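Enquirer: Spelled out, the chains give:
There are 2 protein chains.
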Amino acid sequence: MKAIVMTAFGGPEVLEQRELPKPGPGPTEVLVKVCATSVNPVDYQTRRGDYKEGMELPFILGLDVSGVVEAVGESVRGFAPGDEVYYMPKMFARPGSYAEYQVSDESIVARKPANLSHSEAAALPLVGGTVWECLVTRGRLQVGESVLIHAGAGGIGSFAIQLAKAMGAYVFTTCSARNADLPKSLGADRVIDYQSEDYVEVINRETGGAGVDLVLDTIGGQTIERSAYVLKQFGRVSTIVDIPDPQSLLEMWNRNATVSFIFTPVYRSKLDAIRNLVERGLIRPVVDSVMPLSQAAEAHRRLERGGVRGKIVLDAGA
Amino acid sequence: MKAIVMTAFGGPEVLEQRELPKPGPGPTEVLVKVCATSVNPVDYQTRRGDYKEGMELPFILGLDVSGVVEAVGESVRGFAPGDEVYYMPKMFARPGSYAEYQVSDESIVARKPANLSHSEAAALPLVGGTVWECLVTRGRLQVGESVLIHAGAGGIGSFAIQLAKAMGAYVFTTCSARNADLPKSLGADRVIDYQSEDYVEVINRETGGAGVDLVLDTIGGQTIERSAYVLKQFGRVSTIVDIPDPQSLLEMWNRNATVSFIFTPVYRSKLDAIRNLVERGLIRPVVDSVMPLSQAAEAHRRLERGGVRGKIVLDAGA
Numbered sequence: 000m001k002a003i004v005m006t007a008f009g010g011p012e013v014l015e016q017r018e019l020p021k022p023g024p025g026p027t028e029v030l031v032k033v034c035a036t037s038v039n040p041v042d043y044q045t046r047r048g049d050y051k052e053g054m055e056l057p058f059i060l061g062l063d064v065s066g067v068v069e070a071v072g073e074s075v076r077g078f079a080p081g082d083e084v085y086y087m088p089k090m091f092a093r094p095g096s097y098a099e100y101q102v103s104d105e106s107i108v109a110r111k112p113a114n115l116s117h118s119e120a121a122a123l124p125l126v127g128g129t130v131w132e133c134l135v136t137r138g139r140l141q142v143g144e145s146v147l148i149h150a151g152a153g154g155i156g157s158f159a160i161q162l163a164k165a166m167g168a169y170v171f172t173t174c175s176a177r178n179a180d181l182p183k184s185l186g187a188d189r190v191i192d193y194q195s196e197d198y199v200e201v202i203n204r205e206t207g208g209a210g211v212d213l214v215l216d217t218i219g220g221q222t223i224e225r226s227a228y229v230l231k232q233f234g235r236v237s238t239i240v241d242i243p244d245p246q247s248l249l250e251m252w253n254r255n256a257t258v259s260f261i262f263t264p265v266y267r268s269k270l271d272a273i274r275n276l277v278e279r280g281l282i283r284p285v286v287d288s289v290m291p292l293s294q295a296a297e298a299h300r301r302l303e304r305g306g307v308r309g310k311i312v313l314d315a316g317a
Numbered sequence: 000m001k002a003i004v005m006t007a008f009g010g011p012e013v014l015e016q017r018e019l020p021k022p023g024p025g026p027t028e029v030l031v032k033v034c035a036t037s038v039n040p041v042d043y044q045t046r047r048g049d050y051k052e053g054m055e056l057p058f059i060l061g062l063d064v065s066g067v068v069e070a071v072g073e074s075v076r077g078f079a080p081g082d083e084v085y086y087m088p089k090m091f092a093r094p095g096s097y098a099e100y101q102v103s104d105e106s107i108v109a110r111k112p113a114n115l116s117h118s119e120a121a122a123l124p125l126v127g128g129t130v131w132e133c134l135v136t137r138g139r140l141q142v143g144e145s146v147l148i149h150a151g152a153g154g155i156g157s158f159a160i161q162l163a164k165a166m167g168a169y170v171f172t173t174c175s176a177r178n179a180d181l182p183k184s185l186g187a188d189r190v191i192d193y194q195s196e197d198y199v200e201v202i203n204r205e206t207g208g209a210g211v212d213l214v215l216d217t218i219g220g221q222t223i224e225r226s227a228y229v230l231k232q233f234g235r236v237s238t239i240v241d242i243p244d245p246q247s248l249l250e251m252w253n254r255n256a257t258v259s260f261i262f263t264p265v266y267r268s269k270l271d272a273i274r275n276l277v278e279r280g281l282i283r284p285v286v287d288s289v290m291p292l293s294q295a296a297e298a299h300r301r302l303e304r305g306g307v308r309g310k311i312v313l314d315a316g317a
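Going down the list, the protein sequences come from chains X and F. FYI, numbering that gives the first Met the number 0 numbers position 298 of the first sequence as 297, with every residue one higher than the one before it. FYI, numbering that gives the first Met the number 0 numbers position 25 of the second sequence as 24, with every residue one higher than the one before it.
Quick caveat, the hints were computed from the structure, so don't treat them as lab data. There's no promise every hint is true.
One copy or two, either will do: identical chains are not told apart, so a pair holds if it fits within one copy or between any two.
[Said to hold, decoys possible] Listed next, the in silico DMTMM-like pairs over lysine to aspartate or glutamate satisfying Cα-Cα at most 25 angstroms (straight line):
hint, residue 1, residue 2
1, K51, E224
2, K89, E73
3, K231, D104
4, K32, E297
5, K51, E250
Note that this is a predicted model, so its numbers are computed, not measured.
Use the sequences and the hints to build the structure in full.
Expert: Structural data, given as structure tokens:
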């Protein structure tokens, strides 16, 4: 099979297309023909060596699959060849999805939303499962509450706006003026142009100093620290950007804040819940562009450069 | 009435006994004859100026009351003169409990545990309500889980050990060898002598690397940062020491940790729940010593020096 192999830690040039043996499923596993995958920031972070401890090279990156079951192990009962599925392969542990085929335990595989193409469905697993953890499982966002979603035109942000609206929340989001149309079209109530407005000042002014119930930090830097200044008493922060820089947390105590640090695998139950919302038309994937799998290195360059609207999908059949 | 008045921000010497007019209750308030109060670290932190913003001097410190209702406002329905009560006065907003009388809104006042003296009951409100927030409300400690309680011989720690045991948890605690008998007598399963053992090493060894479900940080410094290294996946930290030093949080993402920053007022519902546990014999106040209210400055000196076992109580009738 064709696969994009990471041959060393480094820049996008370490991604090489190679011909590898087609894998087979173990007893509890499914072999999936990958129709589409997508690129995520964790892919280029892994590529450049942020998580190199314990990893063996060469390695196949990729944490999103939409595809078709080709073969199943002898103990698999939930899937049969021909089933359309979408899922997030297990992180770091085994070959990922930048390939024609991927093998995963059936327990993490879910049925694909029926109303989506593979290119659309491949935009969802990692992003959708992560946002679910941030807003629902750990963030406990409630109907009528308010949330600040950073980078509302990005992969995580564009999904999070839709999920927060489906949950009945009021959504503040930040993005560049150039991309403001996207979060607006997804239902954001207030789009803050981070280049001309300070979100701390805007939120405090527009909420009469009350602040928001939840902040979704997708950008790192000083966001955790600054988040405290837009939080209500007993507000929460869900942060997905693991940064080594020390953070000043003093204001967190004044606000009785709770911070959830999220780096969580995506399980079937979340993907089932997301499929339900997608099929009911409450959430749609936001696809910036579809590129052939062979151009994975170029997709990394574009994602790292920034300004991507939603997700870059890689078509494994192209 | 006699009161201990903070005349300036500074050392214990700024606490002076003065004669002040006896206050009266507003429509929804109760006037309480203070039989006993206690000293808490937040008292000397306030005295030295940590929270000076918006505070007016002179000021009466004190955040614990056990006493007897002397008069009630015209709208008060829940209490009558002669009722024995215990509560935590509202922080910073009005005169505290280092005085013969204290006035509070009836909504924060609770009935005193029947089986305790006033000196015992005065040890409970701030500590008990804070620990309740840390372990129950925000820490969500579950039966069968494990918890690390720092400073298990202190005011917070000695209450927390008993509450965690009542909840069915396994308790690790740290204290000096000199005080190890106290947390043991309160039911701690494993007392770590922090002067001769490293708690991160002990917990990882004794849990086979699994770690604990919850950490209660009562000591500040690098405890938040180090707590990550003893946490299970999806573990929690409840921290009550507001420190300005920046904290390195990288390991929190690896553990999918949640950190709750707690600086929470104590409400009647918590005090009612605590009274129930005290009357059933599941929790007892740990009183290091009882000093006359007139020696409040000396009580501050002792608490700041460290090594206090449980709480220092001030007897307002002495």
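Enquirer: Look at each hint and say if it fits the structure.
Expert: Hint by hint, here is what the structure shows:
For the identical chains of this complex, K51 and E224 are inter-copy neighbours only, at 22 angstroms across copies versus 28 angstroms inside a copy, given an alpha-carbon limit of 25 angstroms. Proximity of K89 and E73 under a CA criterion of 25 angstroms is satisfied intra-copy only: 21 angstroms inside one chain copy versus 65 angstroms between copies. In this homomeric assembly, K231 and D104 come within 25 angstroms of each other (Cα to Cα) only across copies, at 24 angstroms, whereas the closest approach inside a single copy is 42 angstroms. In the homo-oligomer, the alpha carbons of K32 and E297 lie at most 25 angstroms apart inside one protomer (23 angstroms), although the nearest pairing across protomers, at 75 angstroms, exceeds that limit.
With identical chains, the CA atoms of K51 and E250 are at most 25 angstroms apart between copies only, with a shortest distance of 15 angstroms across copies and 34 angstroms within one.
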